[in-house]
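Trainee: One-letter residues, chain by chain:
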Amino acid sequence: MIKPVLLWTDVLIFVLVAIVVVFALYARYHEHLRAPWRQVFRSRTGVASLLVLSLYVLIALLDSVHFRLPLATKVGAAQATAITQQQDHYSVEVLSLLDMVVKPLREQGEKTYSAPLATELFARETVESADGGQQRLYPRLRYGGAHLEDPAADRKMDLFKRSVVAILSALLLWLVLMTLLLRLLARRRQLSLALMLDNILHQRESVPWVVVVLVSALLLVLIMLMMQLAPHYHLFGTDKVGQDVLYQALKSIRTALAIGTLTTLVMLPFAVLLGILAGYFRGWVDDVIQYLYTTLNSIPGVLLIAAAVLMLQVYIDTHAELFATDAERADMRLLFLCLILGITSWTGLCRLLRGETLKIREVEYIQAATAFGVRSSRIISRHILPNVMHIVLISVVLDFSGLVLAEAVLSYVGVGVDPSMHSWGNMINSARLEMAREPMVWWALVAAFIFMFVLVLAANLFADVVRDAFDPRLRKG
Amino acid sequence: MLAYIIRRFFYAIPILIGVNLITFVLFFVVNTPDDMARMQLGMKHVTPVAIEKWKQAHGYDRPLLYNNQQQGLSSVTDTIFFDKSVRLFAFQFGQADDGRDIAHDIRERMWASLAIALPILLVGLLVTITVSMLLAFFRATYIDFIGVILLVVLMSVSSLFYIIGGQFLVGKLLHLVPISGYQGGIDAWKFIILPVIIGVVGGIGSGSRWYRTLFLEEIGKDYVRTARAKGLAEIRVLFRHVLRNAMIPILTGVVVVLPTLFMGSLILESFFGIPGLGSYTIDAIRAQDFAIVRSMVFLGSVLYILGLLLTDISYTLVDPRVRLS
Numbered sequence: 001m002i003k004p005v006l007l008w009t010d011v012l013i014f015v016l017v018a019i020v021v022v023f024a025l026y027a028r029y030h031e032h033l034r035a036p037w038r039q040v041f042r043s044r045t046g047v048a049s050l051l052v053l054s055l056y057v058l059i060a061l062l063d064s065v066h067f068r069l070p071l072a073t074k075v076g077a078a079q080a081t082a083i084t085q086q087q088d089h090y091s092v093e094v095l096s097l098l099d100m101v102v103k104p105l106r107e108q109g110e111k112t113y114s115a116p117l118a119t120e121l122f123a124r125e126t127v128e129s130a131d132g133g134q135q136r137l138y139p140r141l142r143y144g145g146a147h148l149e150d151p152a153a154d155r156k157m158d159l160f161k162r163s164v165v166a167i168l169s170a171l172l173l174w175l176v177l178m179t180l181l182l183r184l185l186a187r188r189r190q191l192s193l194a195l196m197l198d199n200i201l202h203q204r205e206s207v208p209w210v211v212v213v214l215v216s217a218l219l220l221v222l223i224m225l226m227m228q229l230a231p232h233y234h235l236f237g238t239d240k241v242g243q244d245v246l247y248q249a250l251k252s253i254r255t256a257l258a259i260g261t262l263t264t265l266v267m268l269p270f271a272v273l274l275g276i277l278a279g280y281f282r283g284w285v286d287d288v289i290q291y292l293y294t295t296l297n298s299i300p301g302v303l304l305i306a307a308a309v310l311m312l313q314v315y316i317d318t319h320a321e322l323f324a325t326d327a328e329r330a331d332m333r334l335l336f337l338c339l340i341l342g343i344t345s346w347t348g349l350c351r352l353l354r355g356e357t358l359k360i361r362e363v364e365y366i367q368a369a370t371a372f373g374v375r376s377s378r379i380i381s382r383h384i385l386p387n388v389m390h391i392v393l394i395s396v397v398l399d400f401s402g403l404v405l406a407e408a409v410l411s412y413v414g415v416g417v418d419p420s421m422h423s424w425g426n427m428i429n430s431a432r433l434e435m436a437r438e439p440m441v442w443w444a445l446v447a448a449f450i451f452m453f454v455l456v457l458a459a460n461l462f463a464d465v466v467r468d469a470f471d472p473r474l475r476k477g
Numbered sequence: 001m002l003a004y005i006i007r008r009f010f011y012a013i014p015i016l017i018g019v020n021l022i023t024f025v026l027f028f029v030v031n032t033p034d035d036m037a038r039m040q041l042g043m044k045h046v047t048p049v050a051i052e053k054w055k056q057a058h059g060y061d062r063p064l065l066y067n068n069q070q071q072g073l074s075s076v077t078d079t080i081f082f083d084k085s086v087r088l089f090a091f092q093f094g095q096a097d098d099g100r101d102i103a104h105d106i107r108e109r110m111w112a113s114l115a116i117a118l119p120i121l122l123v124g125l126l127v128t129i130t131v132s133m134l135l136a137f138f139r140a141t142y143i144d145f146i147g148v149i150l151l152v153v154l155m156s157v158s159s160l161f162y163i164i165g166g167q168f169l170v171g172k173l174l175h176l177v178p179i180s181g182y183q184g185g186i187d188a189w190k191f192i193i194l195p196v197i198i199g200v201v202g203g204i205g206s207g208s209r210w211y212r213t214l215f216l217e218e219i220g221k222d223y224v225r226t227a228r229a230k231g232l233a234e235i236r237v238l239f240r241h242v243l244r245n246a247m248i249p250i251l252t253g254v255v256v257v258l259p260t261l262f263m264g265s266l267i268l269e270s271f272f273g274i275p276g277l278g279s280y281t282i283d284a285i286r287a288q289d290f291a292i293v294r295s296m297v298f299l300g301s302v303l304y305i306l307g308l309l310l311t312d313i314s315y316t317l318v319d320p321r322v323r324l325s
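As they're listed, the protein sequences go chains A and C. Position 182 (the first sequence) corresponds to 182 in my numbering; numbering is contiguous. Position 248 (the second sequence) corresponds to 248 in my numbering; numbering is contiguous.
Bear in mind the hints are in silico, worked out from the structure with no lab data behind them. For glycine and all other residues, C-beta sits at the position ideal for the given N, C-alpha and C. Among these hints, one or two may not hold up.
So, partial list: chain C residues that the calculated Cβ filter (under 8 Å) puts toward chain A [to be verified]:
id: 1; residue: Gly18
id: 2; residue: Ile22
id: 3; residue: Phe24
id: 4; residue: Asp35
id: 5; residue: Arg38
id: 6; residue: Val152
id: 7; residue: Ser159
id: 8; residue: Phe168
id: 9; residue: Ile282
id: 10; residue: Gln288
id: 11; residue: Val293
id: 12; residue: Tyr304
id: 13; residue: Ile305
id: 14; residue: Leu309
id: 15; residue: Leu310
id: 16; residue: Ser314
Here are the simulated EDC-like pairs of lysine to aspartate or glutamate, each with C-alpha atoms no more than 16 Å apart in a straight line [to be verified]:
id: 17; chain 1: C; residue 1: Lys53; chain 2: C; residue 2: Asp101
id: 18; chain 1: C; residue 1: Lys172; chain 2: A; residue 2: Asp317
id: 19; chain 1: C; residue 1: Lys172; chain 2: A; residue 2: Glu438
Quick list of simulated restraints, FRET-style, between CB atoms [to be verified]:
id: 20; chain 1: A; residue 1: Tyr315; chain 2: C; residue 2: Thr213; range: 39 to 47 Å
id: 21; chain 1: A; residue 1: Ala371; chain 2: C; residue 2: Ala90; range: 31 to 39 Å
id: 22; chain 1: C; residue 1: Leu232; chain 2: A; residue 2: Val20; range: 46 to 54 Å
Let the sequences and hints guide you as you build the complete structure.
Mentor: Here it is, written out as structure tokens:
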């Protein structure tokens, strides 16, 4: 039937998910790991940003299950037997689960630009009327508001009705979900529903449930609005080739998250290993590793990335036969971009870890371990590594938002992800040229910036909470 | 002091050699000159003759490391490695793909870069220190709380948004200054002021947050308590004691970027059409002119290493506890 496609970044993303799950299970049973996380969940900003982030992650994960649909073959009976002997033919287009969920967004393309929620094209066109004359008018959109009889009169009422329906259904859904949550909590605490509700409202619970309730209400309303309006209108308009901007923005989420997380996944082993080795062994090992990271660090980051990506592009262009579909080629470039971003960004963490290890190795318990004749490998893995893990975690979370922002800049320079891949950087880059138009085409820019801003803000706030919880210097009592 | 500088200078040499080797591997070994030629000539209609001709015209037709057709010393010097990489040490950048002299272009363009980057650094420093001092003064109040949230919001906005939004607001809606372009001489301020404002605003978020933590760290120290115990006013404590001590990390952080100011800002310059080294680099990347990219990589590394050297020296100047040894 359908042919699953496993892209390299998909594999890595699921490996990352597995790591997170394993770590979460491990942390559950170890109090010293649970305590800081508990502090994260007790913080209001922490909970709110986590909710927003998990919505983004969910979309990205949906977008990471790829497959190719079989081509619908219209053949006669005579040819049918011949076809069955051959291999099935698959569309060259690689789709994901997200594409299935937002099918109308993907398929309802217009001819060219249209403003958000518009029912007509953005530019006038010459249309022949029935009596043979020619008219300059704004043609109706093929999909946006196509169900309306008289768009000029009905559009506002229709939008209003749909919004009200969306908000009401969102609130209903929210009520159901919150009741379920309340029941679950009440059963856990073995309290009556009313008492539990009272506890939550008066913030007697350690987790700020009020924030959870409010943020999820907001998110639900937004989602329902999208679900009600998006199949009938273009919420963020359409771009030059008539593709829905909302669809592009949604598809870009995976790219951004992949760059933000896979880069650290790639760089982490090097940074941790080399940083600890340099700090622990000192002497010539330290000299070599310091030389290595000073050299890499002294090359301007953007230029190194540019040089490497240009070289990769040459390689891809001369070895076109290696990639079956465009998506696989674009994915290769994304992976490589993560790799090269990792190479340029591991030095900071490496230096931090080296400094911390230099401090830790002088502590009494390490001296005692050395005196007992414990092997170096064991000292590093048992005594040093767990004691620097908080630095690793903090820097991973702090780096994330910077990487998401960097993607946009790199795409602007022309050394970011593949131009065919959806990303906020590519959206901004192509929309930038439309700023000069009169009247201006602003929606693609705004959509990309809003999606990016929300993700980066949530990530920044979350990073602050994580840092406060894990940094022993900042930890309270 | 002099002995220290000389020794540091010698430390820099292996790093530069390392940078040179990395760029050489990246530009000539990972992809052969043949690939480059094919890229430049376009993928279609590429004949072996055309490739040879392109390589000859740009001096890529020699062996990479060792030329066995030449005698004596020139068997090493008449190679791509010597001609394209080793010459960089003498700042001989050679020619760009369109035949222009790269060194000449760099000398000509770096002043425009500096005209943007230096005001951004100085004004930015002033603004971020003021903001962070204010937050430190109002620490643990609602002003501080809201201020920090605002800084996080400022940090979370993409730098591209500042540029595009700023261009739209000031250049297109208010018609105050031209959107892009550049002119030397006295009229330059018209073209410089918008990028400088945008550059400063874009840097407030992360800069002020960092400085605020520096100030708060200093405020928690014993000498501040002593100063207060002496009966000094809070303003005086902040300016006389906290600021002066917090200036040590701030200044050294500034010194390290001083040399790289010549490189300019990649995005600002290309958005505002300023003929500096940043837009030069971007144009080269877009046109896939490897000779220029290679030169800029090397130049950037040299300037960065110079910045590290200056940082070490400045530590000893501002912080008497640090002794060179």
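Trainee: Determine for every hint whether it applies to the structure shown.
Mentor: The hints, checked one at a time:
About 4 Å separates the beta-carbon of C/Gly18 from the nearest beta-carbon of chain A, less than 8 Å, and the hint is met. Taking 8 Å as the C-beta contact cut-off toward chain A, the hint placing C/Ile22 at the interface holds, the least distance being around 7 Å. Interface hint at C/Phe24: violated, since its Cβ lies 11 Å from the closest Cβ of chain A, which is beyond the 8 Å cut-off. Here the hint on C/Asp35 is kept, as its CB sits about 5 Å from the closest CB of chain A, short of 8 Å.
For C/Arg38, the interface hint holds, since its Cβ comes within 8 Å of a Cβ in chain A; the closest pair sits about 7 Å apart. Interface hint status for C/Val152: upheld, as the beta-carbon distance to the closest one in chain A is roughly 5 Å, under 8 Å. A least Cβ separation of about 7 Å between C/Ser159 and chain A falls short of the 8 Å threshold, and the interface hint therefore holds. With its C-beta approaching chain A no nearer than about 7 Å, C/Phe168 sits inside the 8 Å limit, and its interface hint holds.
Taking 8 Å as the C-beta cut-off, the interface hint given for C/Ile282 holds, the closest approach to chain A being about 6 Å. For C/Gln288, the interface hint holds, the least distance from its beta-carbon to any beta-carbon of chain A being 6 Å, beneath 8 Å. For C/Val293, the shortest C-beta to C-beta distance to chain A is roughly 6 Å, which falls under 8 Å, so the interface hint holds. Because the smallest distance between the Cβ of C/Tyr304 and any Cβ of chain A comes to about 4 Å, under 8 Å, the interface hint for this residue holds.
A distance limit of 8 Å between C-beta atoms decides the matter here; for C/Ile305 the minimum to chain A is near 5 Å, and the interface restraint holds. A least Cβ separation of about 11 Å between C/Leu309 and chain A goes past the 8 Å threshold, and the interface hint is therefore violated. The restraint placing C/Leu310 at the interface with chain A is violated, with a minimum CB-CB distance near 14 Å, outside the 8 Å limit. The interface hint given for C/Ser314 is violated, since its Cβ lies 18 Å from the closest Cβ of chain A, which is over the 8 Å cut-off.
For the proposed pair C/Lys53 and C/Asp101, the alpha carbon gap of about 20 Å is over 16 Å, so the pair is violated. With a C-alpha separation of about 40 Å, the suggested pairing of C/Lys172 with A/Asp317 is violated against the 16 Å cut-off. The suggested pairing of C/Lys172 with A/Glu438 holds, with an alpha-carbon distance near 11 Å, which does not exceed 16 Å. Hint check: A/Tyr315 to C/Thr213, Cβ distance near 44 Å, so the stated range 39 to 47 Å holds.
The given range of 31 to 39 Å is broken by A/Ala371 and C/Ala90, whose C-beta atoms sit roughly 54 Å from each other. Taking the beta carbon of each, C/Leu232 and A/Val20 are about 51 Å apart, inside 46 to 54 Å as hinted.
In this structure, the hints that do not hold are numbers 3, 14, 15, 16, 17, 18, 21, in rising order.
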